[in-house]
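Top line first, the protein sequences correspond to chains Y and H.
For the first sequence, numbering that gives the first Met the number 0 begins at 0 and goes up steadily by one.
For the second sequence, numbering that gives the first Met the number 0 begins at 0 and goes up steadily by one.
Source of the hints: derived by calculation from the structure; they are not laboratory data.
Hints may contain errors.
Unchecked claim - Below, simulated DSS-like cross-link-like pairs (lysine-lysine); rule was C-alpha separation at most 30 Å, straight line:
#, chain 1, residue 1, chain 2, residue 2
1, Y, K144, H, K1
2, H, K1, Y, K75
3, Y, K144, H, K114
4, Y, K141, Y, K36
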Amino acid sequence: MLNIDQGAITENKLEGVRSLYDRHAAKLLGYIFNVVKDRKLAEEYLVSIFCEVSNQFDDLDWDGSWCQLQRFAKHKLLVFVDTAEYINLGNGEGLNVHHSREPYFGQLTKEQKHIFSSVYYYGKTIAAISIDLDKTEDSIRKTLKEAFAIMRKSGEN
Amino acid sequence: MKIKEYIESGILEAYVLGSASEAETQELMYLKELHPQIQSALYHLEVDIERMAEYMAIKPPPDIWFKLENDINELVKRPAAEQLSVSSNPRKERGSRRKEYIDVDSKSSHMRVHKIWRWILIAIFILGKIFLGFAIFFYLENRQIKEEISNLKSELKQLKTEIKR
Chain Y
0 MLNIDQGAIT
10 ENKLEGVRSL
20 YDRHAAKLLG
30 YIFNVVKDRK
40 LAEEYLVSIF
50 CEVSNQFDDL
60 DWDGSWCQLQ
70 RFAKHKLLVF
80 VDTAEYINLG
90 NGEGLNVHHS
100 REPYFGQLTK
110 EQKHIFSSVY
120 YYGKTIAAIS
130 IDLDKTEDSI
140 RKTLKEAFAI
150 MRKSGEN
Chain H
0 MKIKEYIESG
10 ILEAYVLGSA
20 SEAETQELMY
30 LKELHPQIQS
40 ALYHLEVDIE
50 RMAEYMAIKP
60 PPDIWFKLEN
70 DINELVKRPA
80 AEQLSVSSNP
90 RKERGSRRKE
100 YIDVDSKSSH
110 MRVHKIWRWI
120 LIAIFILGKI
130 FLGFAIFFYL
140 ENRQIKEEIS
150 NLKSELKQLK
160 TEIKR
């Protein structure tokens, strides 16, 4: 009886993970690739992140949204970001994210790109960026908002 | 509080991108319930970020799902205590990150090795084949020489008998 229940639970969990995978795997792989800059490694991280999702499927209240999955993935990728691959964060050299889709990023200024990449790809807090750039947190938030607005406009065109 | 100013402050963007502090997140969650404008702005930002992610999407190879399915099934088979436990709070400060990783002492029959071993094993295999080739070559050559020596010996004997006559 226990085995049957266990099987049913596993089946449900797999279905849930599969549904998340179908909806978001391509987006997540694109996101991870922009962090690790290596296709093979990005695929390995994709598998490992979805394994973690499956592990914590019942504990986390998954709403199935991309933003929730992206934040979860970012947290897992911080291990990578903390390692030698990301040694030059302080001076900005580590933030040369390979924006293969220039229409979205091409119109951003260097500072906007830096702030957006630091937050979106490398999980830096507004407070940490404000210390790095010697600017107020409010101005960092404003720049982030501007970057977002420019990218939204670029995406609509 | 002026809601328009709050929306314009960039806190919503910081939250959607996962860099808002705990206090900012709590405040936002509270205000979101009170003000539909904030809820709507947040929803639109989430749609935007998803659209951007779609634009940068890379289709995973078809075998990735099967690999993932196998890994998940393997994880399910393991007792719960052996499973990897990772903190579920995605918004912690960078300084506290190192403490979040737990040493895993699993009884899994599988082992992860460094990728360099793939090349070392390939080199060992190729060298093994080369040595085997040399061994066969020298064995055949040695056998041929022995045959030639025995032929020469028999010819020598024949010559000796002819000379004696």
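Cross-check of the supplied hints:
| no. | hint | result |
| --- | --- | --- |
| 1 | Y:K144 / H:K1 | 18 Å, holds |
| 2 | H:K1 / Y:K75 | 36 Å, violated |
| 3 | Y:K144 / H:K114 | 42 Å, violated |
| 4 | Y:K141 / Y:K36 | 28 Å, holds |
Hint compliance for this structure: hints 2, 3 are not met, and every other hint is.
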